[in-house]
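Chains as they are written, first to last, in our numbering: chain A, 2 to 442; chain B, 2 to 442.
Don't read these hints as lab results, they were simulated from the structure. What you are looking at is a predicted structure, and each value in this text was computed from that prediction instead of being measured. Hints may be right or wrong, so weigh each one.
[Stated by the list, open to error] The calculated SDA-like cross-link candidates involving lysine to any residue, where the alpha carbons are at most 25 angstroms apart (straight line), are: (1) A:Lys119 to B:Ser406; (2) B:Lys433 to B:Ser406; (3) B:Lys397 to A:Pro319.
[As the list claims (entries may be wrong)] If you only want the chain A side, here are some residues facing chain B, beta carbon under 7 angstroms, derived: (4) Asp18; (5) Pro92; (6) Val246; (7) Gly304; (8) Phe415.
C-beta: ideal position from N, C-alpha, C; glycine also.
Protein chains: 2
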Amino acid sequence: MAHSTITALRGTLVSFDDDPFLVEPKTAFVHESDGLIVCRDGVIEAAGPYDKLRATLAGDVAVTDYSGCIISPGFIDTHTHYVQSEIVAAPGKQLLQWVSDYVYPVEEGFADEAHARKVASFFCDRLLRTGTTTACVYCAVYPQSADALFAEARKRSMRLIAGKCMMDRNVPEVLRDTAKSGYDDSKALIGKWHGVGRLSYAITPRWAGSSTPEQLEAASALWREHPALHVQAHIAENRDEVKFVASLFPERRDFLDVYEHYGLVGRRSVLGHCIWFSDSEFTRMHERDASIAHCPTSNMFLGSGLFQLRKAKNRAHPIHVGIATDIGAGTSFSQLATLNEAYKVAALVGAPITALEGLYLATLGGARALDLDDRIGSIHPGLEADLVVLDPNATKLLAFRNARSRSIEETLFFLMMLGDNRAVRATYVAGKLAHARPVDA
Amino acid sequence: MAHSTITALRGTLVSFDDDPFLVEPKTAFVHESDGLIVCRDGVIEAAGPYDKLRATLAGDVAVTDYSGCIISPGFIDTHTHYVQSEIVAAPGKQLLQWVSDYVYPVEEGFADEAHARKVASFFCDRLLRTGTTTACVYCAVYPQSADALFAEARKRSMRLIAGKCMMDRNVPEVLRDTAKSGYDDSKALIGKWHGVGRLSYAITPRWAGSSTPEQLEAASALWREHPALHVQAHIAENRDEVKFVASLFPERRDFLDVYEHYGLVGRRSVLGHCIWFSDSEFTRMHERDASIAHCPTSNMFLGSGLFQLRKAKNRAHPIHVGIATDIGAGTSFSQLATLNEAYKVAALVGAPITALEGLYLATLGGARALDLDDRIGSIHPGLEADLVVLDPNATKLLAFRNARSRSIEETLFFLMMLGDNRAVRATYVAGKLAHARPVDA
């Protein structure tokens, strides 16, 4: 009989039971200043005060001591393109031109599975080094580009969602599928990968501008056949993009209505950006229980605009929102660095977020946006043991600043504004150490 | 007879002879892919192609080999508050409330010179670690807070400009000087520090909201007596601040006119922010040959607004512009991180900057903004040898990205978007190694 594997970690625990945008933050937030997490076979078995919980452990169980560090649920990245890892920081263009000039040429390379594996491996390593344990990822149009990512994520036991892009118009010939091949290839990938280990498939009609009505219909058919899947697409990122979609679908009342018309908006629809949304679009996102992936570094880098987070989290009709790097338009793999800019976007529209709101977006908020909060996103018995250990004294500036901290909220805010992958002391995936940063002597 | 001290550095040299916003960037930019810089007694003696220049050196001169790295003039930070180092990342407020709640309480501590020395030391070390060799700095109201910074900068042989804040109204009692004491204390500091080593004094009427007309007049009198000095002040950072100043000076046509009226706008006036400027104010800044300190991370963090850099660099009436961290509202000491956000601010207003424009702002642009381009800001014989050595492969992401670089401009852009103090391999002040980052094995 195989022995079970136990991992026990001591540190300051932070987690959420609910959404601090919607309920009193103090009641949503769970904080154990000297805590212990016990994980068995990849699942959180217990979490609570160290003093109390330590006594319940068998004497021979080793506790890894992260005292002075903060243990959070692993970060969740709700929108990113692994195939764009090589074009991070490509200069000087707005969305449509940027995609034509930089994205399409580089995505062509992902017809080559060996190349795809290499980049997928780099990408997965970046996620783990920055404390991100789950991501919702766009691959290229080629099925083998999805194979490569799923294989690399599987190797690392990661909970990861991905899909091959469906795109059959307005992109270079070499990057086009058809309504039929896009459907067939996606279906084959679903059969091959969905539910294998911790992998899930996302039906991925890239955006309304690059899919014909026939392809959107095929994507919709696929979702009806596999209703447990996710759907991911881009929406209302840039004003020219919105105009272009309006010109392609003049009969639809707005951008969201295009996806609604084809039955692509509902629970587990993860729509990226949502910057140029009308009030009606915000309300309908709520009514359909769909999710927003907010991509602040990307939106600023491309000059796309400023997302109205408070509108999305309006208590009258709140929407699930997760935070997202949107690599390669995003400029960092780090969710801490991304929260820094989420704060700034929110400040520029006059409503900065708190540290608790930020941490929620990167953890339980992301899990809810992906309808995975029964698996990940909190420190709670029964959930999968994906964890990030944050060191609030990782850099000289952080340490200098944290010396004046008067609360866990302040320390979390310093991490969010001043932290990056250096602040990630360790990352655990399904209870196993997946990355550890050497501690300076 | 003392021997002279020679430092010789090999690497890729980058520098500017002119302003790439105003002339053809390729002609403004100087680039030597395998270059050598020879410094003697703190001054650049020669710079050029390695092959050619090496032969002219005495055989026993050791060359430090930074091949693969980029050697740039040291970065220049045109607006920062060392006394706010401890409140970087103080959450949730806009300018006026932020200053009341966070800045004033912490500045009170700088009456204690021992505390001031400690923070000044931390601050100067942060500058050098991020490759910044010159800064234009606000101290607290207390003369001893300026003494502390000057002493620490002098210890490091840095070219540094600073001044004690003059503020005699609308601030807590304990932080007020008077028109007379502000004048007297500033004058004493000028006598003590201006021209000592590489130090300069900046007359520092903090902003029109915290100085009485009498104090602005006293600052002006001081400048007339010492016309070689700098003047630094805040302007048009935030809409409420603009309104408040308008209410204090109803007889003045706009914010700039307040400083103009008191004779505080001219060459070596360094005005921070300039976000909420009218066209007239931009034009008058040009006519008076004054300078702007652009503080992008601060402006986003406080939600102050988006600076119109292209308006300031309009070829019809261009203004000197330098880049600035504006610690503590700014969120990073690194000029590379600051340029990342300068790019984003520019992208959000529809006119992103190029890598050359960014590097110019942080080097020669800053030197011109401070009227110091006859001393620093370029790699040119006769100028002071303040240099930063940048490693374009410093992090895994930088290295991955830089492997695809097709030009020095791309590599510089990657450094600007993805770099921070980790990308600073070494910093030289007056020809001497002042900081070196250990190279990973």
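Hints, one by one, checked against the model:
1. Distance check on the hinted pair: A:Lys119 and B:Ser406 sit about 18 angstroms apart at the alpha-carbon level, within 25 angstroms; holds.
2. Note on B:Lys433 and B:Ser406: the hinted pairing is violated, with a Cα-Cα distance of about 31 angstroms set against a maximum of 25 angstroms.
3. For the hint linking B:Lys397 to A:Pro319, the alpha-carbon distance of about 39 angstroms lies beyond 25 angstroms, and the restraint is violated.
4. Against a cut-off of 7 angstroms between C-beta atoms, the interface hint on A:Asp18 is violated, since the closest Cβ of chain B lies about 23 angstroms away.
5. Annotation: interface hint on A:Pro92 holds; nearest CB of chain B at approximately 5 angstroms, less than 7 angstroms.
6. The interface hint given for A:Val246 is broken, as the beta carbon of that residue sits about 21 angstroms from the closest beta carbon of chain B, more than 7 angstroms.
7. A cut of 7 angstroms between beta carbons decides the hint on A:Gly304: the least distance to chain B is about 3 angstroms, and the hint holds.
8. Of the supplied interface hints, the one on A:Phe415 holds, with its beta-carbon coming within about 5 angstroms of a beta-carbon of chain B, less than 7 angstroms.
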